[in-house]
Amino acid sequence: MTAEKLPTDIRTGVLRDEELLVKARGVTKRFGGLVAVNNVDFDIPRGSIVSLIGPNGAGKTTFFNMITGYYTPTAGEISLDRKTIAGMRRGRIRSLKPHEVTALGIGRTFQNIRLFGTMSSLDNVLVGLHVHLRSHFWDAILRTPSVYREEAAAREQARQLLDLVGLLDRQETWARNLPYGDQRRLEIARALATRPKLLLLDEPTAGMNAGETRDMTDFIRRLRAELGLTVLLIEHDMRVVMGISDRVTVLDYGEVIAEGSPAEVRANPKVIEAYLGRGAADQAAPPAAGASPAQSSSEA
Amino acid sequence: MSGIDDPRIIEAARREAPRSGVLGWLANILDAITGIPGKWRESFRRGPVRTVALTVLLGLGVAYPILALYVLAPFSRNVFPLPLAGDTDLVFMLIFATMAIGLNVVIGFAGLLDLGYVAFYALGAYTAAFLASPHWSGLSFVLLSDVPPGFPGIHIAFWFILPLAAIVAAFWGALLGAPTLRLRGDYLAIVTLGFGEIVPVIFKNLVGVNFELGPIKLVDANLTGGPLGINPIDPPNLFGIKFGAVGGVAPVYLAMVIVFVSLLIARNLEHSRMGRAWAAIREDETAAEMMGVNTVRTKLLAFALGASFAGLAGSLQASYQGATTSDFFQFSTSILVVIMIILGGIGNIYGALVGALALVYVDKVLLAWIGQRMQGFGRSIDNDAIAHLNPASFNFLIFGIVLVAMMRFRPEGLIPNRQRTAELHEAPPDQAIGSAAVLGEAAIASEAQAEAIAEEVASEQGSASQPDAPPRDPDGAGP
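If you read the sequences in order, they're chains V and U. Add 466 to the 1-based position in the first sequence for the numbering used here, that's all there is to it. Add 100 to the 1-based position in the second sequence for the numbering used here, that's all there is to it.
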């Protein structure tokens, strides 16, 4: 599925409610006196690849953690597929628990890889399938036929997922013994096992060389095309962000400072200022030179 | 993406487990039993020495109580350098083995440090005491027990009490766990420590109770027998065979069956969806939660299931001994079981079994035997100090030394768990290498990016867009 085939042009951002997979309104998170995320409105159209960028400490990961239920927002509302993840209920803001959010259809990877190191690749993916398995502990104790069937089916599906990310021949290897790039891919396989509607990728190409980064970018595109996933990306590598995203949102000091297509965001003086400082923004202000500083910003 | 309900997957799964329903389950069990010779051959092909040794050991273990009685006892003094364990010692070795297997579910599988495990042992024992003794003398209720009808007290057959004790212990485990399992690490250990102290104290003090609430009125009621405990408790009984303290080898085999079933249950749990979730929680609780594991419920389950094994052990202990008192359930018992699984190898059910058998043997048999020898030796050389030395009273000193030595030379235990061994021996250097590799790659990545910047700058010489102000994000590439 490409962006052109979507009902509304997701690049312009004028969308009807049912076209939104994630809708966040007025989301704020305060840690004591620190406002990490301030009154953010954020939409993720169905079937799109959306990137969240911003300098370190801008509140990207905090926002991620609110979508996944790890933090409860101080104010605001977040919903997935019109089901509430966080919002006002009985007098205060409440949030679903992370495992409930996972069951609702959000899978994620971590900035610093968090695999289950001394479990095999296959078992790592099977943990991702946990939420879709029904067997109870008494089934496990008695080893009933239904457990055999469910486990066999789960293993079969886990192998398919490992095949998808190209790790089928490493299924018995402990996660921590895999090379770095494979670990990143295993994390994605584990996230896919939760059968997400929305896949959150937290810096999927961090620490990768140019070739690996290209492979990962192609892979993310393939995920959308083949599995119909919606992807939210946090990424510092601007070539990845600009190359893959339908829409980019820029956070700085917890606030949205720009939103739009990659080209629009790239030309936005506020973005250049956030990344490179005021001087650079002033210099970049002439339209002809606007594009490149933002592009090279993270590398500085 | 194809789901678990995909027909192809279901078909593939059906080939692996062809049957369904109760009959299918029985057929699976039959398959498992008839498959044992095949599995044995396979194992023999891989490691003949190990397989034969283990088989012989298992056979000797099962035959030991009878061998000891009829064959070994007359010669033991001359043939064996070590003393033989008697029937009572064997029963206690096996009771503690059940507990060690259960505590291994809590500590080894789920990684929850439970220092009050004795509480569930006590709950199991008192369940048996309440339901199979003349304690409630005002009542008379006999259920499939060999006690004559009309006899005072509740008398339910041990075979009902056994699962009931497991359920009671699991219930209290869940009740204790519910508010405390949100705590992590040390805090949980402290709360369980408290519970382990509270339960025996309650059993000790619920005597002479005066209480009134609506229709319930207790005047000087003796609820738990107080410091004297409850006795006599009916021994287990099957077709006239009594499995009590005077039952000879029969109770040893009963305990063996209970240990065997415990091993099976623990093994099945380890290799199930729940076992995987426990391992994931132990590895990284946050990641597990993010992957859809309900961590609170999963930990609660580990806690309650672990407690149920202690319930089994407790009911067996009370029924076997025919008496129970609160003094029997002390903090030291909790610690002893923890030492057993550390010694045997945390996370390995066979390690727990071996650790328990070894430790109770040393505690109950070996130290007493050494004491006798030393007394004899002391008297023969007329040395009062040696003659009155009792090594059995130094048991915890000895266990402490063994534990320290173990931590120094083989921290993973006698029969280690692969994961634990890896964590204990490789974790720091491996992590260091891992993070160094990440940093290295990050450095390479940022070098590549630096080159890219250089190129861009070169291509835009005219526009003078090179920034002067330092960026706020110096380490853009790495986490």
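For the record, the hints were derived by calculation from the structure and aren't laboratory data. Be aware that one or more of the hints could be misleading.
Unchecked claim - Computed list of chain V residues with no C-beta within reach of chain U, every gap over 10 Å:
id : residue
1  : Thr534
2  : Asp547
3  : Met554
4  : Arg555
5  : Leu581
6  : Asp589
7  : His596
8  : Arg636
9  : Glu730
Said to hold, decoys possible - Which stretches of chain V does chain U cover? Using the computed rule of at least three CB atoms under 8 Å from a CB of chain U, they are:
id : stretch
10 : 500 to 510
11 : 536 to 545
For glycine and all other residues, C-beta sits at the position ideal for the given N, C-alpha and C.
Taking the hints in turn, this is what the structure says about them:
1. Residue placement check: V/Thr534 does not keep its beta carbon more than 10 Å from all beta carbons of chain U (closest about 6 Å).
2. Every C-beta of chain U lies more than 10 Å from that of V/Asp547, the closest at about 17 Å, which supports listing it as non-interface.
3. Taking the minimum C-beta to C-beta distance to chain U, about 24 Å, the non-interface status of V/Met554 holds against the 10 Å cut.
4. With a least beta-carbon separation of about 20 Å from chain U, V/Arg555 lies farther than 10 Å from that chain, consistent with its non-interface assignment.
5. Distance check for V/Leu581 against chain U: the nearest CB is about 7 Å away, which does not clear 10 Å, and the non-interface claim fails.
6. With a minimum CB-CB distance of about 6 Å to chain U, V/Asp589 fails to clear the 10 Å threshold, and the non-interface call is violated.
7. Consistency note on V/His596: stated as away from chain U, yet its beta-carbon is not over 10 Å from all of that chain's, at 5 Å minimum.
8. No Cβ of chain U approaches the Cβ of V/Arg636 within 10 Å, the least distance being about 17 Å, so the stated non-interface status holds.
9. No Cβ of chain U approaches the Cβ of V/Glu730 within 10 Å, the least distance being about 19 Å, so the stated non-interface status holds.
10. With a threshold of 8 Å between beta carbons, the proposed coverage of the stretch 500 to 510 of chain V by chain U is violated, since 0 of its residues qualify and at least three are required.
11. Judged by the Cβ-Cβ criterion of 8 Å, the stretch 536 to 545 of chain V is not covered by chain U as claimed, because only 1 of its residues qualify and three are needed.
The structure shown violates the earlier hints numbered 1, 5, 6, 7, 10 and 11.
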